[in-house]
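Student: Input sequences plus hints: build the corresponding full structure.
One line per chain: the protein sequences are H and W, in this order.
End of the first sequence = 310 in the numbering used here, gap-free, step of one.
End of the second sequence = 1200 in the numbering used here, gap-free, step of one.
In case anyone wonders, no lab produced these hints; they're calculated from the structure.
All clues given are correct.
Subject to a maximum C-alpha distance of 25 Å in a straight line, what follows is the list of computed DSS-like cross-link-like pairs (lysine-lysine):
(1) W:1010 to W:1192
(2) W:1136 to H:91
(3) W:1124 to W:1148
(4) W:1192 to H:91
(5) W:1192 to W:1076
(6) H:91 to W:1088
(7) W:1136 to W:1192
(8) W:1192 to W:1002
(9) W:1076 to H:91
(10) W:1148 to W:1002
(11) W:1076 to W:1088
(12) W:1136 to W:1002
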Amino acid sequence: MTTQTAKYEQLIQDLRVQLRPQREWGEGRGLFLVIGHFLNGIAGGAWLMGLIFDSVAGLSVAFVMAALGGLAHLGFLGRPERFWRMVSRMKSAWISRGFLGLSLFLAGAFLYLVPQLIPAAPWSAGSLIAQTGYVLAFVGMITLIGYMGFVYTASKAIPFWNSPLHPVLYIGHALRGGVAALLVVAAFSAPAGGAEQELLWMWIAVTSTVAVLFAIEMHGAFTSGNEAARGSVRTLLAGSMAVYFYIGTLAVGVAVPAWLVFSGWHSLLHARDFMALIGVASAVGDFFLKYSVIRAGTHLPLWTRLRPQI
Amino acid sequence: MKWGMVIDLKRCIGCYGCQLSCKAEHGTPPGVFFARVLKCEEGEYPSVRQVFLPVLCNHCEDAPCVDTCPTGASFKWADGTVDVDHDKCVGCRTCMMACPYGQRYYNDGDAHYFPKGTTAYEEKMVVRHQRNVVMKCNFCRDRVQAGKLPACVANCPTTARIFGDLDDPLSEVSRLIKDRGGFPLHPELGTKPSVYYLPP
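Tutor: Next up, the structure:
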């Protein structure tokens, strides 16, 4: 059976079932979308943390992440050569807003970072160009942190995503990603005077908040009257996505860094390798959470409203 | 003027005539169905019966697919028909995630059904469709503008599908919806579909 035939058979099979899984975002080239959202989330968070902790290396990482995230998005598109059209529906489409945010961020971050990294740059760090870049990057950062959750919430077809908590969760992921990026950066750069401890505290606070919000969202989806939302939760906790969720998200993304944080709070606190490991494990966990939540998306069954009347 | 369709579930016999005529009219590639028929068994033994639910794009008044499309490729004509401008589509598939009725398809597969390659029919009808873009039903716009009925309506042997102007209170579609309690799918989502079903 060729790949194409297998895909066709899968589609026919999907059309026969009541709870049809979404396959466009997350499978095949759809993986690029998950990677793109993951990297752009980290980029927004890392820029914010870079500004808070005054880390030019963190800001540089944010810029690279955003650029790679943009490339990943292009890799997902069926017609990447038309990408510039994505700015056409600013009034209603969150993808348009995200695209504009990413463009502003990349342009602004470039203008701001060049004089920070290259002393002989044509414009100085205090120049109008650099300050304009700072403002543009800041606006872009807010957009990057905020828009992704709304992209999913706008999907009326998939009740699991269509939750008011989803945008808040994505903001939490971005912040967690930003802290993770700064932890890794701190392992390879000069100490910033106690910043590591602040970062660890921040990691604990953000992770706890995300965990509580995620638990509330899962509970809401599972106890809601919506069959598709319950199906998504089942897929995530006991179905095809369970392995990614338990191992990737809970074990690698939460348990390992939490153990590293608490067991080494006194002895290993200044061991930078451990800090980097916490950051990497946390980011890996976030990736698998996004991946499994996206893949667990299940379309509304068309029969729901008909059944009582037949 | 607002085009709409009424599907009489009492008359539908599940012959797939609509699905096949749509395929023939538009030459849609494998895996793409602008019109299809769902089958479901209702009730419990011994009171079980099979019910057919023909589905197609609902051409919603508040179409979430149009709102979420970042390029403007998904748009609405003045007569309420929701359509896709394939030259603008970037293939992001956001509209597919937004459509609560699952009536949008991504064309990234082969343009032929048989392993030996395209047939003469497929060369003429299927290959012309743009690849890597989203496709959907447009109420057979070319046919309607030529004064004909959509292919699925014209070819339904039991006249289970009725097409007409929802804005005209005297049209057959408006009358059937009013007299027989026509209902849309998922009205709770507030999309205001233009496709109504008559109870079986």
